[in-house]
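Q: These protein sequence lines are chains A, B and C, in that order. For the first sequence, position 116 matches number 116 in this note's numbering, and the numbering has no gaps at all. For the second sequence, position 385 matches number 385 in this note's numbering, and the numbering has no gaps at all. For the third sequence, position 34 matches number 34 in this note's numbering, and the numbering has no gaps at all.
What the hints contain is simulated information worked out from the structure, not anything from laboratory work. Keep in mind the model is a prediction, meaning the values are calculated, not measured. Virtual Cβ for every residue (Gly too), placed ideally from N, Cα, C. Do not rely on the hints blindly, as some may be mistaken.
[Said to hold, decoys possible] Label-pair restraints from in silico Cβ distances:
1. C:54 x B:324: 37 to 45 Å
2. C:50 x A:161: 19 to 27 Å
3. B:141 x A:86: 48 to 56 Å
4. B:164 x A:116: 31 to 39 Å
5. C:7 x B:143: 56 to 64 Å
6. C:71 x B:300: 15 to 23 Å
7. B:324 x A:135: 29 to 37 Å
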Amino acid sequence: MAISAEAPAIPGILPGKVGVWWFLASEIMLFGGLIASFIVFRLGSGGWHGEAAHLSVPIAAVNTLVLLTSSLTMVQAFATAERGDQRGPRTYLALTILLGLAFLGIKAYEYTSEILAGFTPGTGIFWSFYYAMTGLHALHVLAGAVVNSILLGAGRLRNPHRLELAGLYWHFVDVVWIFLFPLLYLA
Amino acid sequence: MRESGAGTLDTHEHHAERGFWRTYVFSTDHKMIGKQYLSLGLFWAVVGGLLAHVMRWQLAWPDTAVPGWGEVGPETYNVLVTMHGTIMVFFVAMPILLGAFGNFLIPLMIGARDMAFPRLNMLSVWVFALASLVLLVSFFVPGGAASAGWTGYPPLSAKVEYTGVNWGLNLWILAHALEFAAFLMGGVNYLTTAIALRVPGMTFFRLPLVIWQQLTATTLFLLSVGPLIAGAVMLLLDRIIGTHFYAAEGGGDPLLWQHLFWFFGHPEVYVILLPAVGLVLDVLPVFARKPIFGYRWIIYSTIAAGGLSFIVWAHHMFVSGMDPRLAMPFSITTILISVPFAYIMFAMIATLYKGSIRFDTPMLWALGFIAMFIVGGLTGIFNGSAPADIYISDTYFVVAHFHYTLFSSVVFGGFAGFYFWFPKMFGRLLSEPLGKIHFWLTLVFFNVTFFPLHNIGLAGMMRRIANPLEYEYLVPHQWINVVATVGAILLLASQIPFVVNVVWSLLAGKTAPKNPWEANTLEWTAPSPPPPLNWGATLPVVYRGAYEYSLPDMAEDWLPQDRALAARSR
Amino acid sequence: MASHGVRPNYVAIWGWLVALMIAGLAASFLPGARGLAVVLIFATAVAKALLVALNYMHLKFEPRLIYAIAIVPVLFLLVLTVALFPDFVFSR
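Looking at chain A on its own, in the form it has when it is part of the complex (with noise of 0.2 Å):
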């Protein structure tokens, strides 16, 4: 795996977590690309508050309130590794998995509902923006759940090490979507 040097140049940094950082602050750059353009868009049209009138807040909520949870069991499942518990963090991790897959669950029902009724990406600038962020969200969510999961089939999930870097993925892709719900569902 990595070749790291008998002591890390720089004490207290793991080679891993380094480079998981640097990834985030792409990523970060990404979604903040989409999300600058959306808000000078939004501010310069009148604030789209007749089309974001569409969008169905109760179930955003429902499903900020799933990424939030799925955070904390990510995050429990590196706290029982690392407190040396057999069972927990493959508990936890399969928790977080399903949470996230429900997610995407309850994000293609409302893709769904929203398409029947008519709002498709081209209908309008609000919803080309609409569906290009959640769906690059998504596709991230999926993303993490898949890591998640071959982490999980790997086993060898009493290092924590792993399951610290996967969170951090998970976390940061939770962190965009609370931007993301009142961007697009709130304000």
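Please arrange chains B and C on chain A, whose structure you already have, making use of the hints.
A: For chains B and C alone, kept in the frame of chain A given last:
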């Protein structure tokens, strides 16, 4: 216990065990991966160069068929212009300067056995190879390859009916996405490796400048590419799903693309420039037998330039119709960014002052870089100033500017590095006479080709036009186009000594010793070429910086980083 | 791996996250001027993000370098957003 893992390995046995595929194709060794990036970059350099020659022939003799190609109409010319730019920036400059030199040098120069994530490294070059394949395929799909410029501005790029290119442009976007993914993976590797795997004694301020420049360039790429990926996702959605991000009639705005593209595009040119600067900064002290001038301030300037590079982007948009109030702030930041780069050029020249210059081929290329980059940098000041740029934007003046800066980076900087590290990479010495011929011919014909473009640009010749003779006011200046084309053909021919040199040296060249140039940095303490895992049982220990040349009271004019001195005054 | 000593109370953080989410929802129903509501909504969002980043992502315990990697992109995004205002907010 110095370290865990494999100790000494017999190279020969090791290679025989691993077989052809594991050694040359599916390797996790950073040196092999560097060579793979180099090979792909050189392949694309040939393709991109040939496209340029078709363009130049068309420009010089517009009413004739190009030999080996045929008639070039406006649509074809758009494809040539687009793919030449895309290939040179993303598939030549980045893989060679960042992918090849970064991969090969970073672990060796910091005393590491490999990158922090060797399998991720292998994945990165394979994803890049896939990106190459996708781009290659895009030439052959119905509708042909992308033709909306390497900058891909909508509305032209957003609607199929405007270019007539359908899958070619979609594949173009996909190739970029894959290329970005490859370099993101590589970038994470470079930064983590340099932060975490330096040997004891190798503090940040003892690192060779190659490393500092690679790290800064990598950081710039990592932080700037995100908004462009966002923009590319939006472009793809506009093309495929019918969203309206860039379509004014749908509530979108084509200008958004330009902002997102250049927010990345400007740091990107420094992603290309900085590694080249690093290569030159490490060649100069070795061949001047003098420490680099102003090491710390070079680092500070590099970081300052890197930071500033994020706030200059709209100087590419002075004539785009953006809010005119943005012109002044971006002109100011652009003028500002010339200051740290000027410092670095002065430091390079100061390094030479009173040095004992050895005019070997790597040094010639490094000196050529300084001269050519100064020309390019000076014209940059005119381009970066809004009032002047209103006139010269989108003319051949800009083309001349960026060829002087990019060519000096990729060609002069790249060859300085290639001739310098060739012995270490391949275990053979290159021929000096052939190298010198290569340099002088390239220098002369590069200037013959590109200097006159300043003049024809000021005379008003626009970019991206297929037939200059259609414009009455350009007809008297057409001789310049002919000169440039002849120069280009001779410039291509000037590369023949290089090809002969490399092939001959690889097959039958003199074996290279460990340290043919008497240089201080750690890679020269490993065999030429280094075995897998780079050193034997023990890694080097570092005692000093990289530039201790011609110290007073020392018998030799160089002092390697890893040599422990007997206890006496430093 | 350096020992981290005390870990945050992850469940308590989750409680705060849910509470902040509800607060944000409530703020979105505030009658009157939209401006105040928007400020409150995004304040809760920023607070939630910080809680996740500092506690779940352990930023609180990481060396300064990691902080820098996380903060610098945000600063650049602010620059980008501000620079986009003239073309997209003031003129549309």
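Q: With reference to the structure, classify each hint as holding or not holding.
A: Now for the hints, and whether the structure bears them out:
no.	hint	in the structure
1	C:54 x B:324: 37 to 45 Å	holds (43 Å)
2	C:50 x A:161: 19 to 27 Å	holds (25 Å)
3	B:141 x A:86: 48 to 56 Å	holds (54 Å)
4	B:164 x A:116: 31 to 39 Å	holds (35 Å)
5	C:7 x B:143: 56 to 64 Å	holds (57 Å)
6	C:71 x B:300: 15 to 23 Å	holds (20 Å)
7	B:324 x A:135: 29 to 37 Å	holds (36 Å)
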